[in-house]
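Engineer: Read off the chains here:
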Amino acid sequence: MSINRGLTEEQVLLRDTVRKFAEANIKPYAFELDEKEEFSYKISQEMADMGFFSCFIPEEYGGSGLDYVSYIIVVEELARVDGSQAATIAALNSLGVGPLYYYGNSEQKKKYLPKISQGALWGFGLTEPEAGSDAGNTQTIAVKDGNDWVLNGSKIFITNASADITLGSTVLAVTGTKPDGHKELTCFLVENGTPGFTAKKMEKKLMWRASNTSELYFEDCRVPEENILGKRGDGFKQMLGTLDKGRLSIAAMGLGNAQGAFELAMNYAKQRKTFGVPISRHQVISFKLADIEIGLELARTYLYDVCRMTNRGENIIKEGAIAKLYCSELAHTASDHCVQIHGGYGLMKEYGAERFYRDQKLLEIGEGTSEVQRIVIARSIGCFD
Amino acid sequence: MNILVCVSRVPDTTTRILVGPDGKTADKTGVKFVLNPFDEFALEEGLRLREKNGGSVTAVTVAGEVAKDILRTSLAMGADKVAIIKTENEFDSYFTAQNLAEFASNRAFDIILLGKQSIDYDSLQIPAYLGELLGIPSIGVVSKLQIEGNNVSAERDIEGGKEIVSAQLPCIISAQKGLNEPRYPKLPDIMKAKSKPIEEVAAIDCQPRTTILEMSIPSKKRAGVILDGSDGSLDKLVTLLHEEAKVI
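Just so you know, the protein sequences line up as chains A and B, in that order.
The opening position of the first sequence corresponds to residue 24 in our numbering, with each subsequent residue numbered one higher.
The opening position of the second sequence corresponds to residue -10 in our numbering, with each subsequent residue numbered one higher.
Don't read these hints as lab results, they were simulated from the structure.
Glycine is no exception: its CB is placed at the ideal position from the N, C-alpha and C atoms.
Heads up, a few of these hints could be off.
Below are the DSS-like pairs computed for lysine-lysine, each with C-alpha atoms no more than 27 Å apart in a straight line [unchecked claim]: (1) B:K166 to A:K43; (2) B:K175 to A:K134; (3) A:K43 to B:K181; (4) B:K175 to A:K65; (5) A:K43 to B:K21; (6) B:K175 to A:K132; (7) A:K293 to B:K209; (8) B:K175 to A:K43; (9) B:K41 to B:K166; (10) A:K296 to B:K210; (11) A:K293 to B:K21; (12) A:K133 to B:K175.
Simulated DEER-style distance windows between Cβ atoms [to be verified]: (13) B:T18 to A:Y125: 40 to 48 Å; (14) A:E373 to B:S94: 55 to 63 Å; (15) B:S208 to A:E55: 38 to 46 Å; (16) B:E91 to A:E320: 42 to 50 Å; (17) A:G299 to B:P186: 57 to 65 Å.
The following block holds chain A by itself, in its conformation from the complex:
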């Protein structure tokens, strides 16, 4: 099977296991959860029990100890069935667990990571109403007062930050001005329930409707000095490093979405007949399916290769951006073809095609828009030198 080409025995077993889990424990409920815009605590706990909440961190922190290819297969297989549950896992691992594990000190890791792996969530507060692609324009400010820092400001579109099982969020704030005139940015670990901190669920989303998305508000919110992640002033670097790796999980969501949409379209095209033959035999339809297959082969091969680079500790700034962009655009094309192939039924919710179509759209916007990815790629090939 080309889907498993080049994978190790345990990676194949892992894919089979996650696929079975997703088919049995997520698929039957995905439609209704999406419809009701409901975050499922039951499925979340089942995913935590499987080891999805801390995929790539070592066992000493309660993690599953996966390599990066294996982690990305988990996200891919979840997205093949449901964007919402895949989003919970991708955001938690890449944006919640990632910064804590890579930049946290040992007390911080011991305090939060084991709890997260057992079934708690952690958010990543970067985007603000006025600072998305332009993250340097962060307005949330932290002022030192004795041993505390006092935070004021707000964050928006933060995944996993306001569920009942959310432990807290990593929050980027301005802590001063650097000698070169740029803002000094620092990350703070802010626990839910801290006075002055409010996390509010955002509703009426187009996509990922069964995942938790939040607005965060800080009003004279005091956090102790020891809640700084890493060192003061390292915030921007930490955010960029987190996003570099995070792009791979968005790419995995694109690949999984495209795979799911492809299978749905293929099944339908072989069943549905027009002019006496299955529509998959009509050239216009078969070429669409062939085009998606080309994209899936290329995307999967490239994404796994970039994951192997990550395993070896290599720099993936350009490659991560390419993978994210390519897989997101593949999901766009594949889910669009899927709806088109379904014709009128593609527009009806119960056929599932429209959910792939809605869920993919975030991928071209979240964790760096496609436009930003092109800037990253252009910069890395020397266009702006």
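Got chain A sorted already, so can you dock chain B onto it with the hints?
Structural biologist: Here is chain B on its own, set in the frame of chain A:
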């Protein structure tokens, strides 16, 4: 409780099987193989018995080197030890049973669990063979199992109903669907399975009792023709039987 689970490696149910060029074996190229689904029920039951009574679960297979993947699956699900009785030749159920019996005979297992059948060759012979070769009770097609001390009570699916059978340990139980809901291996256990040892045992030489002469794929069914039953269609029927079906 010392528990043995016999497992086999079979083509995934969704895989399309073709016959190899020799006309006697399945063409394995591009075929995805998995742990036999009925053996998953057996393994799950073994793990539950261990969780309740303590002890250890050993999974064993009679197969070639490639079958190590299903032993890793067994480890990931929770087996304590795994072993492969190695042979690279084609073999029959008798050969498998002889080898399993040889493996089990000096290891003092309290119970031997296995699927009621392997979904590849569907011979359904191993549980009965094993009981005979080891001289212990063998209860087949079990969908509910209770063990108190040495007393075994097993519910069997029979045509149109259920049958409850009792026996004493040690015994052999072959698992039917419904016995339990097999667990998913957890991610950390999948990763750890690769570093656990697989015991290798050379297969004992024993003459197979059957030989496969030919293997073939059922021919595709052709669409039927419905005649309207009028007198005129009688002639057509005769023509079709003579020229198309060539039976008269």
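Engineer: Determine for every hint whether it applies to the structure shown.
Structural biologist: Here is what the structure says about each hint:
A hinted pair counts as satisfied when its Cα atoms are at most 27 Å apart, and K166 of chain B with K43 of chain A qualifies at roughly 17 Å. A hinted pair counts as satisfied when its Cα atoms are at most 27 Å apart, and K175 of chain B with K134 of chain A qualifies at roughly 23 Å. Taking the CA atoms of K43 of chain A and K181 of chain B, the gap is about 20 Å. The hint holds against a cut of 27 Å. About 17 Å separates the Cα atoms of K175 of chain B and K65 of chain A, which keeps this hinted pair within 27 Å; it holds.
Between K43 of chain A and K21 of chain B, the direct Cα distance comes to roughly 15 Å. Compliance with the 27 Å bound is thereby established for this hinted pair. Our distance criterion of 27 Å between C-alpha atoms is met by K175 of chain B and K132 of chain A, whose separation comes to about 22 Å. Only pairs whose Cα atoms come within 27 Å are accepted, and K293 of chain A paired with K209 of chain B is accepted, the gap being roughly 18 Å. A threshold of 27 Å between alpha carbons decides the hint, and for K175 of chain B with K43 of chain A the separation of about 12 Å falls inside it, so the pair holds.
Annotation: proposed proximity of K41 of chain B to K166 of chain B holds, straight-line Cα distance about 21 Å (limit 27 Å). Annotation: proposed proximity of K296 of chain A to K210 of chain B holds, straight-line Cα distance about 21 Å (limit 27 Å). Among the hinted pairs, K293 of chain A with K21 of chain B is consistent with the structure: their alpha-carbon atoms are about 23 Å apart, no more than 27 Å. For the hint linking K133 of chain A to K175 of chain B, the alpha-carbon distance of about 22 Å falls within 27 Å, and the restraint holds.
T18 of chain B and Y125 of chain A have their C-beta atoms about 43 Å apart, which keeps the hinted 40 to 48 Å range intact. With their beta carbons about 57 Å apart, E373 of chain A and S94 of chain B fall inside the hinted range of 55 to 63 Å. A hinted range of 38 to 46 Å for the beta carbons of S208 of chain B and E55 of chain A is consistent with their spacing of about 44 Å. Take E91 of chain B and E320 of chain A: their Cβ atoms lie about 47 Å apart, and the range 42 to 50 Å holds.
In this structure, G299 of chain A and P186 of chain B meet the distance hint of 57 to 65 Å, their C-beta atoms being roughly 59 Å apart.
When each numbered hint is compared with the structure, no violation occurs for any of them.
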